[in-house]
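Engineer: Could you slot chain B onto chain A? The hints should help.
Just so you know, the protein sequences line up as chains A and B, in that order. Heads up, the first sequence is in our numbering, so the first residue is 23 and it goes up one at a time. Heads up, the second sequence is in our numbering, so the first residue is 97 and it goes up one at a time.
Among the clues, some could well be false.
As the list claims (entries may be wrong) - Quick list of in silico lysine-lysine cross-link-like pairs, DSS-like style, CA-CA up to 25 Å:
no., chain 1, residue 1, chain 2, residue 2
1, A, K326, B, K242
2, A, K217, B, K260
3, A, K326, B, K144
4, A, K326, B, K269
5, A, K220, B, K201
6, B, K544, B, K447
7, A, K217, B, K231
8, A, K194, B, K242
9, A, K194, B, K431
10, B, K345, B, K171
11, B, K447, A, K217
12, B, K237, A, K220
13, B, K237, A, K217
14, B, K514, B, K144
15, B, K260, A, K194
Stated by the list, open to error - Derived DEER-like restraints, expressed as beta-carbon distance ranges:
no., chain 1, residue 1, chain 2, residue 2, range
16, B, R433, A, G269, 28 to 38 Å
17, B, S445, A, I311, 32 to 42 Å
18, B, T388, A, Q34, 50 to 60 Å
To be verified - Covered by chain A, per the in silico footprint, the following chain B stretches (three or more residues, Cβ under 8 Å):
no., region
19, 450-463
20, 488-498
Source of the hints: derived by calculation from the structure; they are not laboratory data. Owing to the predicted nature of the structure, the values given are computational and were not obtained by experimental measurement. Even glycine gets a Cβ: it sits at the ideal position worked out from N, Cα and C.
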Amino acid sequence: MKQIVNIIFSTQFFYSILRISTPIMFASMGALITSRAGVINIGLEGIMLFAALSGVIFSAVTGSAWMGFLGAVATGVLIAILMSYVALILKSHITLTGIAINMFASGSTVFILYLVTGDKGISSSLASKVMPTVALPLIGKIPVVGEILSGHNILTYLSFLAVLFTYILLNKTVIGLRIRAVGENEQAALSVGAKPVKYQFIAMLISGVLAGMGGAYMSMGYVSWFSRDMVAGRGFIALAAQQLGQGTTLGTMCATFVFGMADALANNLQALQMPSEFVQSIPYLTTIIGLVVFSIAKQRKELKRIRENNQKAV
Amino acid sequence: MYSRYMGLSDIDSPMLNRRSDKEIAMAETILSMENITKIYPNGFIANKNVNFELRKGEIHALAGENGAGKSTLMKVLFGEEQCEEGKIFFKGKEVKIDNPLCAIKMGIGMVHQHFMLVPSMTVAENMVLGLEPEKAGFLNKEEAVKRTIEVSEKYGLEIDPHAKVKDLSVGLKQRVEILKALLRGADVLILDEPTAVLTPQETVEIFEELKRLRELGHTVVFISHKLNEIKEICDRITIMRDGRTIDVKMVEEVSEQEISRLMIGRDVQLKTDKTPAKPGQTFLSVKNLSYTDAAGQQILKDINMTVRKGEILGIAGIEGNGQNELSELVTGMRKLRTGQIRIGGEDISRKSVREIRELGVSHISQDRMTYGVVSDAGVADNIIADRYYRKEFKKGILLNKKKICEKTDQLILEYSVKCDNREQPVRMLSGGNMQKVVVAREFSSDPKLVIANQPTRGIDVGAAELVHRKLLELRDREAAILLISADLTEIIHLSDSIIVLHGGAIAAYFEDVKQMDPVELGEYMLGIKKMTREQIGGAVHEQ
Chain A
23 MKQIVNIIFS
33 TQFFYSILRI
43 STPIMFASMG
53 ALITSRAGVI
63 NIGLEGIMLF
73 AALSGVIFSA
83 VTGSAWMGFL
93 GAVATGVLIA
103 ILMSYVALIL
113 KSHITLTGIA
123 INMFASGSTV
133 FILYLVTGDK
143 GISSSLASKV
153 MPTVALPLIG
163 KIPVVGEILS
173 GHNILTYLSF
183 LAVLFTYILL
193 NKTVIGLRIR
203 AVGENEQAAL
213 SVGAKPVKYQ
223 FIAMLISGVL
233 AGMGGAYMSM
243 GYVSWFSRDM
253 VAGRGFIALA
263 AQQLGQGTTL
273 GTMCATFVFG
283 MADALANNLQ
293 ALQMPSEFVQ
303 SIPYLTTIIG
313 LVVFSIAKQR
323 KELKRIRENN
333 QKAV
Chain B
97 MYSRYMGLSD
107 IDSPMLNRRS
117 DKEIAMAETI
127 LSMENITKIY
137 PNGFIANKNV
147 NFELRKGEIH
157 ALAGENGAGK
167 STLMKVLFGE
177 EQCEEGKIFF
187 KGKEVKIDNP
197 LCAIKMGIGM
207 VHQHFMLVPS
217 MTVAENMVLG
227 LEPEKAGFLN
237 KEEAVKRTIE
247 VSEKYGLEID
257 PHAKVKDLSV
267 GLKQRVEILK
277 ALLRGADVLI
287 LDEPTAVLTP
297 QETVEIFEEL
307 KRLRELGHTV
317 VFISHKLNEI
327 KEICDRITIM
337 RDGRTIDVKM
347 VEEVSEQEIS
357 RLMIGRDVQL
367 KTDKTPAKPG
377 QTFLSVKNLS
387 YTDAAGQQIL
397 KDINMTVRKG
407 EILGIAGIEG
417 NGQNELSELV
427 TGMRKLRTGQ
437 IRIGGEDISR
447 KSVREIRELG
457 VSHISQDRMT
467 YGVVSDAGVA
477 DNIIADRYYR
487 KEFKKGILLN
497 KKKICEKTDQ
507 LILEYSVKCD
517 NREQPVRMLS
527 GGNMQKVVVA
537 REFSSDPKLV
547 IANQPTRGID
557 VGAAELVHRK
567 LLELRDREAA
577 ILLISADLTE
587 IIHLSDSIIV
597 LHGGAIAAYF
607 EDVKQMDPVE
617 LGEYMLGIKK
627 MTREQIGGAV
637 HEQ
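One chain only, chain A, in its complex shape (with noise of 0.2 Å):
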């Protein structure tokens, strides 16, 4: 028990916590904006899955990192785009649209891996390359909060951009405010002439360019190869994040924070010969208890808004 004690307080912790949620916060992000155009997106585990991989592929072509980085964003749009067109254009179900999407991704981008490296498991073989890392100026400087914040990879740092981009997108812009109309009234939206498919198209859009971004980090930034099916349900925890969230900007990054511990809680416990097989049910775990909790405490919140109400009525 200790040692655990230890281990949460200390700054490498706090310092995991960051690195570990960067990818889900991208994710999340792009859950959120379509959650709001009232699509569910539930592909974003398959495009980050190809972003991951094309971003490996791109940056040992091209020997820049960057390029690898445009490579993965690139392949995340694309990949919305077939999703979009095909749910919304065609209207498909979305669901299985994204369920499509993501076996889809699972398979293909192991046989991708195997033509371009001759690997099935991991592209160790490709002379990929990884983002930087940022050491920051003066707040780097500080002890304790310089150790945990500073020294990240550049993606992680961009990952908080994406949190307040979507924050001025949803709350600030009239693009944001047509989103959120098509979501909770697409009747409404309509009959003033603001076209749904065009706002859930535009939101799937923003969200394949956030996938993208997490699917670079996971190959680029969080470990330095691509191996399969290595986002590992991050995608999916996203989405959970989002609910956690009631749908707000700040809601979802705490949320997504508190994923993001449980995960970094089961990479420590496991370096102390904890049964791995319980560690690494602790993000899930968190998961289910987190939707249970929420789901408890909006039940509770709306039969208090009633009671008020009755009252008021009274």
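Structural biologist: Just chain B now, kept in the frame of chain A:
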């Protein structure tokens, strides 16, 4: 056709009208629809050569039974549907209205029954949605608020621009919808049954608002079933029947009876010929029933009553005084916690809905779309929904299609359900025909107890009359009937005895409706008076 209108305008000339100043303002035609024919893809002809004309600054009632074609005509006008034939003239020019945006641009606004609002957004955000003031892609919230206040002040319709729409009352939401249309420059405003969702006070308010709009030169189309409201506020009335325009009249020159006759094409039998009831044994008995909802609100307080075979017990009361909860408790749709309900002597507290139905209970829910029909299923499937599992409709483990078809066809005929065939999805039927399907199912199972909750709400007079006749037939066949209705005329004409619910408790019991004073009934409903325990105790009949 058009010449008929010319003829009519002669009658409307100022000389014959007392409100001549308004008449002059009304003389100018702002909109006319000529020979509109609308055929739906399924072949249903909703409008046949319909003519409709609006004058500037009038409140024009559009009346007709359900399925008479009013909604279709307005959808054509608002660009939601395209007509096959006919012309629309607006402000003197022929126009083509391809979609609602097109209509809005021209100056035609519509307030739907289902509000087109985004609940989590503020009033101001809802107001400007679609034509947002922006600065480099960013929403200019101050400007949105400013515009909202401007239009709200101009028309004297007060609203808080910062309030979230989800926190507003239904009446205020409707006001936002009206303001939204006005902000977009609507000269003609179509209101689809605006008072259906409002409380009486809110209805008074919206009438004031509409009068103000009229004074400012706006033209209002008021779609409604409620003849008294039409009489109160409208200037002219267009009456539709079977997809045609039947007549256009000055409202003050026609009586409610005449409008009603024109709407259904025959004299309504407002008084059903009713023989006195011959009450038999008690069939439904409710003892010390109380109910508290999930929010901790006490909905029903110590209800004691009985319904005997062969009588209709009416439950009168202003809506929301526990009527729905009572009907859902008796039918097993809500869990009974305090008190006792016996049907045919059996305690129902542990019985499922089906087990209760098996005791001979039929239920017409007030929420037709949720509990009355499966809207995507066909007429036949809806008819057998309560009996598909019975032997007579089965062949081994499969359904006996032949039997089902026979039964359905017989009921379609008996209840004169207007549908293309027995497989037609119920959602394609008009409200009245949908209710006929519900009633056909509920009344044909030889029920011993009928719970009829708002059985004729929102349906046309013809269908309502059929429901009334059938209820009386059932009563005379010894069924016990509990009739819940907000429609006083219905309650008074059908019931043998009446209970008044107020605040979840029984406020009055009238043993014999014939000796009851309707004015007094109203006072009990509004909570002005309350009977003593002893008087109310008459509602319980021992065996």
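Engineer: Each of the hints needs a verdict: does it hold here or not?
Structural biologist: Cross-check of the supplied hints:
1. A:K326 <-> B:K242: The hint is violated at about 34 Å.
2. A:K217 <-> B:K260: This hinted pair holds, its Cα atoms lying about 23 Å apart.
3. A:K326 <-> B:K144: Violated, because 52 Å separates the two Cα atoms, which is more than 25 Å.
4. A:K326 <-> B:K269: At roughly 22 Å apart (the allowed maximum being 25 Å), K269 of chain B and K326 of chain A satisfy the hint.
5. A:K220 <-> B:K201: holds (21 Å)
6. B:K544 <-> B:K447: holds (17 Å)
7. A:K217 <-> B:K231: The given pair, whose Cα atoms are some 21 Å apart, holds under the 25 Å limit.
8. A:K194 <-> B:K242: Distance of about 17 Å is within 25 Å: holds.
9. A:K194 <-> B:K431: violated (47 Å)
10. B:K345 <-> B:K171: holds (23 Å)
11. B:K447 <-> A:K217: violated (49 Å)
12. B:K237 <-> A:K220: holds (23 Å)
13. B:K237 <-> A:K217: holds (22 Å)
14. B:K514 <-> B:K144: At roughly 18 Å apart (the allowed maximum being 25 Å), K144 of chain B and K514 of chain B satisfy the hint.
15. B:K260 <-> A:K194: holds (16 Å)
16. B:R433 <-> A:G269: 28 to 38 Å: holds (35 Å)
17. B:S445 <-> A:I311: 32 to 42 Å: Hint holds: Cβ distance 36 Å, inside 32 to 42 Å.
18. B:T388 <-> A:Q34: 50 to 60 Å: holds (54 Å)
19. 450-463: Violated: only 0 residues of the region 450-463 of chain B have a Cβ under 8 Å from chain A.
20. 488-498: violated (count 0)
The earlier numbered hints that this structure contradicts are 1, 3, 9, 11, 19 and 20.
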